[in-house]
Amino acid sequence: MTLLDEPVYEEEIPEVEEATLKFEAAAIRAESRRGFLMALPAYAYLVTFFAVPLVIVSVYSFATRNRYGGTDLSGWNLDAYRKLGEPIVRDILFRSLWIAMLTTFICLLIGYPFAYFLATRRPAVRNLMLVFVMIPFWSNFLVRNYAWRVLLGRNGLVSDGFELVGLGPREFLFTRTAVMIGLVYGFLPFMILPLYASIERIDSSLLEASRDLYASGWQTFRRVLLPLSMPGVIAGSILTFVPSLGAYVTPEILGGAKSTLLGSYIVSQFLTARNWPVGASLSFVLMAVMLVSTVAYFRSGARNL
Amino acid sequence: MSASTAVTITGITKRFGDVLAVDNMDLTIADGEFFALLGPSGCGKTTTLRMIAGLEFPTMGSLKIFGEEVGTLPPNKRPVNTVFQSYSLFPHMTVEQNIAFGLKMQRVPKADINRRTGEAIKLVQLEGLEARRSTQLSGGQQQRVALARALVNSPKVLLLDEPLGALDLKLRQQMQRELKILQREVGISFVFVTHDQEEALTIADRIGVMNEGKLLQVGTPEEIYERPANRFVANFIGQTNLLDGTVESKDTVCLANGTRIPGQSSFGVGERVAVSLRPERASLHRLGDGPDGHPSIDGRLEQVTYLGNALIYMVALDWMRLEVRTENHPGASGPAVGDEVTVSWEPGSVSVVGD
Chain A
1 MTLLDEPVYE EEIPEVEEAT LKFEAAAIRA ESRRGFLMAL PAYAYLVTFF AVPLVIVSVY
61 SFATRNRYGG TDLSGWNLDA YRKLGEPIVR DILFRSLWIA MLTTFICLLI GYPFAYFLAT
121 RRPAVRNLML VFVMIPFWSN FLVRNYAWRV LLGRNGLVSD GFELVGLGPR EFLFTRTAVM
181 IGLVYGFLPF MILPLYASIE RIDSSLLEAS RDLYASGWQT FRRVLLPLSM PGVIAGSILT
241 FVPSLGAYVT PEILGGAKST LLGSYIVSQF LTARNWPVGA SLSFVLMAVM LVSTVAYFRS
301 GARNL
Chain B
1 MSASTAVTIT GITKRFGDVL AVDNMDLTIA DGEFFALLGP SGCGKTTTLR MIAGLEFPTM
61 GSLKIFGEEV GTLPPNKRPV NTVFQSYSLF PHMTVEQNIA FGLKMQRVPK ADINRRTGEA
121 IKLVQLEGLE ARRSTQLSGG QQQRVALARA LVNSPKVLLL DEPLGALDLK LRQQMQRELK
181 ILQREVGISF VFVTHDQEEA LTIADRIGVM NEGKLLQVGT PEEIYERPAN RFVANFIGQT
241 NLLDGTVESK DTVCLANGTR IPGQSSFGVG ERVAVSLRPE RASLHRLGDG PDGHPSIDGR
301 LEQVTYLGNA LIYMVALDWM RLEVRTENHP GASGPAVGDE VTVSWEPGSV SVVGD
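Chains as they are written, first to last, in this note's numbering: chain A, 1 to 305; chain B, 1 to 355.
Looking at chain B on its own, in the form it has when it is part of the complex (with noise of 0.2 Å):
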């Protein structure tokens, strides 16, 4: 990661009429990474998107590129271009066409459009396609379009909204690796929205969380993983189980029944927090046999399910649900619905998370 910043957001506010869609926003983007704005949808992270595009003009708040303030320029004034979530290609232009527009506008001699173009067609593998239609291309093609047309104008930094999104699965995962390798060719910043959290996990250097209009975490996806800000960001990142509880010391956290396990948090003694444990991380015995030393939960299996590579187990604790994910060993055989069952882990594979 160059040490230059490419995008800095600061204090960025944005309101549609009664609606908060941005909420004072701090974000910096350094150059050269491969940054992935997660959330559900309706959380901000289209509009933060195109704030920095200039297809949305803030409320309030500062927005540099590369130093220089561009919060209130028009899109064609902004050294960064995106890739629709639709791809947004040009019906009525060819794919050469579609690709050469914004060399086209920007003036660029004719010689080194063609030069550019031909070059972008190669980078995104479409050579022989250049004279087809948009309309008359599959959906990865498309994609692939709307990519080179705007990495041709090689901008300081690429926004892309869910720009995998209209894909099936295998294609998309195929894509998601492309788009990985693509940005390291390039060596530019790529800011990526999606509501994927794998897509986020796979793809990113560094992710940042956003719900109802709030930047909750920014870290890289083990950080998001490993150690969630809150509640709504451990939920959200993959699966998880919130154990309610309050702190009781630095390092312990009384649940809900009573039960007392180790967690480290920073929160105040008495405060609410949930233990979330991650359905992998936690380990189903028959009642008792628990590993010494090891934290556990005594609970009833109610359901188990088959997934091939795994087995999920649901386990029935007195106040809620909860979820073991194991290895599938054939001919295992494993406690039967119905069993009392203890379920472990290892003592620092739970994280402490607030509201």
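Only chain A is shown next, with the shape it has when bound in the complex (with noise of 0.2 Å):
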């Protein structure tokens, strides 16, 4: 008996695991062609309006200016960064990065709060309320900011709050508040929507076991309802960060002459001083802080999002 088991036992075996190894093989490599195939109609849109058009710019911002305003493909040089370290261009880059940073600011303490009462309703509460916070996106971006150049005017509807609290007339429109109201309100969606993702992912148990705790309200949420929602705090403090950096609809309509932003002094260099390579220089300057900042994020253990 053992001598006619034995040999039949040690022959299968291996083939066996080798067959199911190959097979296993091959379906792993079936699946990722599935994957590949389904991928590319989004690879195929990035490479051709994305990937070319950044490599178009690159190229762009070591060429050369002629005197005729056109851009020379040849005498390659960082002439155009070394113009980014210029008082008037470091004065923009600047100024941008602190309304940025106001703006994000500002979004983070108006959406946090109501992210939270969102995450805590019923969820019939819950969607209606999502619903509002979307509602704006259904009008025109461009169409709101003109809104806000009414509301601000001279005989707007802000102003005349202020004159009937008796602070007399203000206007705010071309001053840097009004840029600063319009991002905020512009970006504020982004900033509530991952939040009001990543508090409502939280067990409220948790929150209920600190105050168990011994801890205050403001102790629960120092120690835990904001250690827990910092990956939506990073995520929606991004989304709003990046396009205010870059942001040149809302500065063109609300603001002034006097204070221009990143994003339409990058437009003048390509439209009115017929500087492409400046223009080219800074936008990649500008998709630098941005990468910096999402890999940051990323760096962070962010899992939400």
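Just so you know, these hints were derived from the structure itself, not from any lab.
Keep in mind it's a predicted model, so treat the numbers as computed, not measured.
Any given hint could be a false lead.
[As the list claims (entries may be wrong)] A few chain A residues that don't get close to chain B, going by computed Cβ distances all over 12 Å: (1) Thr64; (2) Arg82; (3) Glu86; (4) Trp98; (5) Asn127; (6) Asn140; (7) Phe141; (8) Asn145; (9) Val150; (10) Ser159; (11) Phe162; (12) Val165; (13) Met180; (14) Tyr185; (15) Tyr214.
[As the list claims (entries may be wrong)] According to the in silico footprint, chain B covers these stretches of chain A (three or more CB under 8 Å from chain B): (16) 203-213; (17) 280-292.
Positions of the beta carbon are idealized from the N, C-alpha and C atoms, including for glycine.
Dock the two chains into a complex; use the hints.
This is how it looks when you write it as structure tokens:
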């Protein structure tokens, strides 16, 4: 019996194992092929409309502006990047960073309590309120910015409101404040939605446990709620900071000529000053800042979004 | 049991909108006792616990902890701590940070925090796991962290909300023993919410049985099992046969089919009651073979279930089925399915319950 059985066993097992491994490998290959095919349209789109233009912009940033306002694709140099160190450009860069940071911070300040409120409502109420958050997207961004122009203008509602409470007429239009109001208004939903998603995921019994363990409401926020919703805070901040930094429409419509921001400056370099290399190099620096903040986000161990 | 009272609940009612979660409840829990609140899900036991913790506020009534009215105090102002059903450990903290949290919030000096946290870790045998994240622990270990995190604060009362619900049977039984030992060691009262009657009987000094927001009976496990206050308690605690009948005299009940059986009760003559006969208190005999002087009912054996250490007989009466449980004696030949049989019991082994 043993003599007959054993050879069969010894022959069969490696064969079966080998065959199984082969099948598995083939299945994994097929799976990844299918995955690639499904992602192909997106890849094609991104390469055509993102990667290729990006390469073009980067090429232009090292090119030279000729005296007629054209760009010579020769004599490669770093002049355009050196120009970013000049006071005018540096001021614009810092001012834009400051405004973007302030916008992000104000959005966080307004958005966090709202997102928490949203996350703790009954599902029906919550969905209704989510719709309210998204309603502004139903009308054109440009139109909404012009609406603020009316509201903030000389005889606008905001000015009337100030007059009503005895602070005299105030006109905010064409000031940095107006730009801030417009930016906060425009990007608040991008702060609220990721915050909501991450707060909603937190088990409310953790907050109860914290209260049970002698933490006050504020301590519970500081020690439990905020750390656990950090992925949402970071995601929301990036989604607000990045578009604020490059914002063009809002500062153009609500801001004054005195305080040009990065977006407007880049456009003017391309269209008015006809200095494509500088416009391109600024675009690149802007993208680098955004890239760094996005990498920082993923480095922070964010799992949401 | 010490003479002082840990928790005094007087006329507590809790409403959620139209839902009456707890209905005019009175209960006192003594210092140092292991008290189980037992009932089916939705009976108000967890709401009661949460009111003691301060996570819900009573709609009406008074709630005192060691004589001090706490009904409207927030949870962080009450000298009690809770072990939550799903443990609710902070996922962004280590085991040690979780346990130290309460002391830190109370601004206990750093050296004391370290010492007490260390003691608590030792108490629940978690040495060596201090630096682990709570998410890297097994269910049993998480359970211990939750216990240590609550006990480290030296609460006057420890509240436990179905803390063993998520554990498998073996671990659950082990934790029941450990909890009991732990409770004796720390000497404070534990209020333990469970829907598992066996667990409540095993672990508690006293049990409060709840249903539909009402506290139906409070007593030692023995009192609750042997002298259930009503039909619900009799049915909920352990297995039982409830034979409907009416009271004929102080010590006789007339069953639905006219059989008269002895049953002591304080109910008035003519009142509708049920006689609770525990399956293990009944014995099965061939028709007419029941011991002399023991009350009995005749029926037909319908089903036998083999449980290894026991046999469950289902006996069909004219108007209901009776369950009889006997020890399994290998080789003994009992009646066969379809036989006419007599079910008998010792006169004092039944209890008469009202609705």
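Hints versus structure:
{"no.": "1", "hint": "Thr64", "verdict": "holds (53 Å)"}
{"no.": "2", "hint": "Arg82", "verdict": "holds (45 Å)"}
{"no.": "3", "hint": "Glu86", "verdict": "holds (45 Å)"}
{"no.": "4", "hint": "Trp98", "verdict": "holds (31 Å)"}
{"no.": "5", "hint": "Asn127", "verdict": "holds (20 Å)"}
{"no.": "6", "hint": "Asn140", "verdict": "holds (42 Å)"}
{"no.": "7", "hint": "Phe141", "verdict": "holds (37 Å)"}
{"no.": "8", "hint": "Asn145", "verdict": "holds (40 Å)"}
{"no.": "9", "hint": "Val150", "verdict": "holds (44 Å)"}
{"no.": "10", "hint": "Ser159", "verdict": "holds (44 Å)"}
{"no.": "11", "hint": "Phe162", "verdict": "holds (40 Å)"}
{"no.": "12", "hint": "Val165", "verdict": "holds (37 Å)"}
{"no.": "13", "hint": "Met180", "verdict": "holds (33 Å)"}
{"no.": "14", "hint": "Tyr185", "verdict": "holds (33 Å)"}
{"no.": "15", "hint": "Tyr214", "verdict": "violated (4 Å)"}
{"no.": "16", "hint": "203-213", "verdict": "holds (count 9)"}
{"no.": "17", "hint": "280-292", "verdict": "violated (count 0)"}
The earlier numbered hints that this structure contradicts are 15 and 17.
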